[in-house]
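**Q** These protein sequence lines are chains A and B, in that order. Take the first sequence: its position 361, counted from the start at 1, is 348 in this note's numbering, and no numbers get skipped. Take the second sequence: its position 260, counted from the start at 1, is 724 in this note's numbering, and no numbers get skipped.
By construction, these hints were calculated from the structure, which means they are not laboratory data. Note that CB positions come from ideal geometry on N, CA and C, so glycine has one too. Just so you know, not all the hints are guaranteed correct.
[Unchecked claim] What follows is a list of derived Cβ distance ranges for each label pair: (1) A:PHE390 to B:GLY509: 19 to 29 Å; (2) B:GLU677 to A:MET9: 30 to 40 Å; (3) B:ARG700 to A:MET9: 47 to 57 Å.
[Unchecked claim] Derived DSSO-like pairs: lysine-lysine, alpha-carbon spacing no greater than 27 Å straight-line: (4) A:LYS179 to A:LYS344; (5) B:LYS535 to A:LYS310; (6) B:LYS535 to B:LYS598; (7) A:LYS166 to B:LYS552; (8) A:LYS(-1) to B:LYS529; (9) B:LYS542 to B:LYS583; (10) B:LYS598 to A:LYS378; (11) B:LYS583 to A:LYS377; (12) B:LYS598 to A:LYS(-1); (13) A:LYS124 to A:LYS179; (14) A:LYS179 to A:LYS30; (15) A:LYS263 to A:LYS310; (16) A:LYS310 to B:LYS552; (17) B:LYS598 to A:LYS310.
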Amino acid sequence: MSIIMTLVIALKALSRNKLRTMLTMLGMIIGVGAVIAMVGLGKGAQSTIEEQVKAAGTNLITVMAGNFTQGGVRQGGGMSTTLTPDDAEALRQLPGVQYLAASVNSRAQVVAGNQNWSTQIQGTDVELPLIRNWPNKFGSFFTSQDVQSAAKVCILGQTVSDNLFGPDVDPTGQIIRVKNQPFKVLGVLAPKGTTSFGQDQDDAIYAPYTTVQKKLQGIQHINQIQISAETPETGPVSAEITDALRARHKLIPGDPDDFMVRTQEEMASVRTETTKTMTTLLAAIAGVSLLVGGIGIMNIMLVSVTERTREIGLRMAIGARGKDVLMQFLVEAVVLSLFGGLIGIGFGYALSAAAEKFLEWPTSIPPNAIGMAFGFAAGTGVFFGFYPAKKAAGLDPIEALRFE
Amino acid sequence: MAAPVIQIRDLVKTYHVGEVTVRALRGANLDVEAGEFVAVTGPSGSGKSTLMHILGCLDRPTSGKYILDGKDVSRMSKDDLALVRNRKIGFVFQGFNLLSRTTALDNVELPMLYNGAEKLRAAQRHARAMEALKAVGLGERFHHFPNQLSGGQQQRVAIARALVTQPTILLADEPTGNLDTRTSIEVMDIFQRLNAERGITVILITHEMDIAEHGTRLVRFRDGRIQIDQKIAKRRNAAEELAALPPPEPEKDDAPSDEVAVEHHGGVV
């Protein structure tokens, strides 16, 4: 029998019991719909992170001072004093390095008038705005002149400016006090918001690193070097940096690095992995409902085979072969699951559209998810339809015709 | 004379039901010529149903030979038997076995969906099914569902379904078992006409002697063997019987009372 005739017979058989057909399909609809919606939510979260990473710059490399061991006591990362401004200058010469800024971190209470605020003091270099792609909102960034002279100047982050001077105030030219030393405010950076880790990037003040080293900390070393590579391919550049620093720090093979090189790519991939895991988890849970839907199909097909035993016997008596009967029931199961899958795709779209509209969660359903859902639905139909169909095909026509 | 349509030789069929061995057929021999109308009778357990299943290629004998239309079908594979059932045999059952919620026409078209290599277009199937329905006097009711038809009408749909593939033999297993006297005679009338006008070989299984007497030959089974095999001397004529019966009571629903008469006198086939 041709596949079209089999399909026609299957559709007729299913239309004979519409309510049951609908209820059986409901399992598939919910299963496929849930998978689509969950994948949509997961992918949406993922692409949000990717956008954030892209906004932060994918070509960022951070060199951090490493740990060091003093008399068997291992200090934490960033405690090493081996990273110096000379290292930074040496790295600047490496091919592939576009911009570079040495940086020193500190925390302090800052005071302006009768307001005070505890914040991070970032000692950095003139190329930071270029590395972070970060323009000024008011005023201007400090100059290399300021760095050389260790001038007591600073740029405020938006949060600091708001807390010391109030919102929408241009504090350029004002004086703030950091550890009882007056700093002239040169401007305010454009607000950048929080990182995807939840850290407020605007809650900091930026000063020349030399100033922080000499006037606030009294140290010679630096904590970090921020670098932007010429291309987003940061792998080779970070390898060169590692080699150059090991040579400068006279580390022999076998010695551990006394610094750490991190690329934005690496950090982003950690977060992407996290969301991927979440997406997989959600899809797996949704997949369970797909499985339940499949079992529902199997259950109904088994009932159907029993109910239609006489019909099967008759079909065999008038010339249906075992494989004709097998195909008939298999096609019925696949039609059930495919129709269910099709409606389920629509349902999934509606669900994620609703999530986007009412919960304001970003969603994006990848086009291949539809193909996959359809394939899964068909696979479920074949897998769960096969046993009942096999049972039908294996019936003895004489017994089947006598069945009451 | 041509070779017999059906030749069975030393047919034995043994079942195992749990520990018990049932010897349903113990060496049956039978030749049926084309165009015969054979009535098979016998008490229950005599082996007539088993014979029917083997004749209908629904079952295979334990030993012995069954030659149908010149071909030995006793050792054929299941799939080949399915094709033989489709092409050479028309079944009529006691319980009609029509597909519910399926129109008479679709029921009659059913066997043509399983006819293997011979592909028929929808229009051809339709035309053949309509022709078969007209042959049993139901041309007007092709779009009715089985639950809208009386028992006699349902059985006539079943006969149309058996006819539609133009089989060599028609196998009827207690076709009047669920019908009243009048409709039973109507069904026998259809068989007699198909037998006489189309030359279809009819094998009729029944335990009612008056039904059996519509055939040309009587085969009586007992304990798995043929006990009596004789010509029916005084054959009943269903058309005459119907004429002698009082006119049928008007049917309550949609069957007009004069329809049956129209069918009989109108030219069939």
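**Q** Decide, hint by hint, whether the structure agrees.
**A** Right, here's what the structure says about each hint:
The beta-carbon spacing between A:PHE390 and B:GLY509, approximately 20 Å, falls within the hinted interval of 19 to 29 Å. Taken as a hint, the range 30 to 40 Å is violated for the pair B:GLU677 and A:MET9, whose Cβ atoms sit roughly 53 Å apart. For B:ARG700 and A:MET9, the Cβ-Cβ distance of about 53 Å falls inside the hinted range of 47 to 57 Å, so the restraint holds. With a C-alpha separation of about 25 Å, the suggested pair A:LYS179 and A:LYS344 falls inside the 27 Å cut-off, and the hint holds.
Distance restraint check for B:LYS535 and A:LYS310: the Cα-Cα separation of roughly 24 Å lies within the 27 Å cut-off, and the hinted pair is therefore satisfied. The straight-line distance between the Cα atoms of B:LYS535 and B:LYS598 is roughly 32 Å, outside the 27 Å bound, and the hint therefore fails. Simply put, A:LYS166 and B:LYS552 have alpha-carbon atoms about 108 Å apart, too far for the 27 Å limit, and the pair is violated. Between A:LYS(-1) and B:LYS529, the direct Cα distance comes to roughly 41 Å. Violation of the 27 Å bound is thereby established for this hinted pair.
Between B:LYS542 and B:LYS583 the alpha-carbon distance is near 21 Å, which keeps this suggested pair within the 27 Å criterion. With a C-alpha separation of about 37 Å, the suggested pairing of B:LYS598 with A:LYS378 is violated against the 27 Å cut-off. Taking the CA atoms of B:LYS583 and A:LYS377, the gap is about 26 Å. The hint holds against a cut of 27 Å. With a CA separation close to 25 Å, the supplied pair B:LYS598 and A:LYS(-1) stays within the 27 Å bound.
A C-alpha spacing of about 11 Å is found between A:LYS124 and A:LYS179, which places the hinted pair at or below 27 Å, so the restraint holds. Distance restraint check for A:LYS179 and A:LYS30: the Cα-Cα separation of roughly 24 Å lies within the 27 Å cut-off, and the hinted pair is therefore satisfied. Our distance criterion of 27 Å between C-alpha atoms is broken by A:LYS263 and A:LYS310, whose separation comes to about 43 Å. Of the pairs offered as hints, the one joining A:LYS310 and B:LYS552 holds, with about 20 Å between alpha carbons and a cut-off of 27 Å not exceeded.
With a C-alpha separation of about 32 Å, the suggested pair B:LYS598 and A:LYS310 falls outside the 27 Å cut-off, and the hint is violated.
The earlier numbered hints that this structure contradicts are 2, 6, 7, 8, 10, 15, 17.
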